[in-house]
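**Q** Each chain, letter by letter, is given below.
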Amino acid sequence: AQKVTQAQTEISVVEKEDVTLDCVYETRDTTYYLFWYKQPPSGELVFLIRRNSFDEQNEISGRYSWNFQKSTSSFNFTITASQVVDSAVYFCALRHGSGNTGKLIFGQGTTLQVKP
Amino acid sequence: EPEVTQTPSHQVTQMGQEVILRCVPISNHLYFYWYRQILGQKVEFLVSFYNNEISEKSEIFDDQFSVERPDGSNFTLKIRSTKLEDSAMYFCASSYRGREGTEAFFGQGTRLTVV
Numbered sequence: 175a176q177k178v179t180q181a182q183t184e185i186s187v188v189e190k191e192d193v194t195l196d197c198v199y200e201t202r203d204t205t206y207y208l209f210w211y212k213q214p215p216s217g218e219l220v221f222l223i224r225r226n227s228f229d230e231q232n233e234i235s236g237r238y239s240w241n242f243q244k245s246t247s248s249f250n251f252t253i254t255a256s257q258v259v260d261s262a263v264y265f266c267a268l269r270h271g272s273g274n275t276g277k278l279i280f281g282q283g284t285t286l287q288v289k290p
Numbered sequence: 236e237p238e239v240t241q242t243p244s245h246q247v248t249q250m251g252q253e254v255i256l257r258c259v260p261i262s263n264h265l266y267f268y269w270y271r272q273i274l275g276q277k278v279e280f281l282v283s284f285y286n287n288e289i290s291e292k293s294e295i296f297d298d299q300f301s302v303e304r305p306d307g308s309n310f311t312l313k314i315r316s317t318k319l320e321d322s323a324m325y326f327c328a329s330s331y332r333g334r335e336g337t338e339a340f341f342g343q344g345t346r347l348t349v350v
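As they're listed, the protein sequences go chains A and B.
Numbering of the first sequence is given in our numbering, commencing with residue 175 and proceeding in unit increments.
Numbering of the second sequence is given in our numbering, commencing with residue 236 and proceeding in unit increments.
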């Protein structure tokens, strides 16, 4: 079975704090893909990053960084020096590598509130 | 920048009525999807569509639902006889490839309210 767990339902930080959003996944596939999406209050889903299962290199993009650990089946997302505009719901998602559909399995989401 | 466009942004319908949600995927994409998000909950997969046919559907996607790509640009989701529990945000998405890890880009969503 494929599953994504985001254990943190809500996180509240003060601006400029660093914050890490956790994501744990389950899959039997050897090839799979992991994603993070941001859902701001306006409601749309904004793609942030894709990580392939065969590439464990961590990635940094500005204030955002992602830590992929196959050994613990985790794909955590860190925002450095958070800003009010980072306030949103963040979803981690999994896509299996077999088949042809590209179906995404989402976690429950973590609501991040950044206070000024 | 290319984007997925959905119309309408909000639709209110009476229980039992048919609704059609419309989407214009990114033009060179080949895979199309519908997802839904009940208020405050996670995003759930409904259906994927490739090469003019459904490639996968979830348990939610029962006989009341259908999808169509009537021309080269539009992708629609039809709910034949809406129920109260169909109230949700419906997202259309598209990607260039499905099997490979190419990311899906989502539209801004259609909020469906069934009364």
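Read the hints as simulated data drawn from the structure, not as lab findings.
Honestly, I wouldn't trust all of these hints.
[What the hints assert, rightly or not] No farther apart than 16 Å at their CA atoms in a straight line, the calculated lysine to aspartate or glutamate pairs in the EDC-like style are these:
| id | chain 1 | residue 1 | chain 2 | residue 2 |
| --- | --- | --- | --- | --- |
| 1 | A | 177 | B | 279 |
| 2 | B | 277 | A | 184 |
| 3 | A | 244 | A | 218 |
Being a predicted model, the structure only gives us computed values, none of them experimental.
**Q** Are the hints correct? Go through all of them and say.
**A** Now the hints, each set against the structure:
For the given pair, residue 177 of chain A sits about 12 Å from residue 279 of chain B by alpha-carbon distance, which is consistent with the 16 Å threshold. Note on residue 277 of chain B and residue 184 of chain A: the hinted pairing holds, with a Cα-Cα distance of about 14 Å set against a maximum of 16 Å. Taking the CA atoms of residue 244 of chain A and residue 218 of chain A, the gap is about 29 Å. The hint is violated against a cut of 16 Å.
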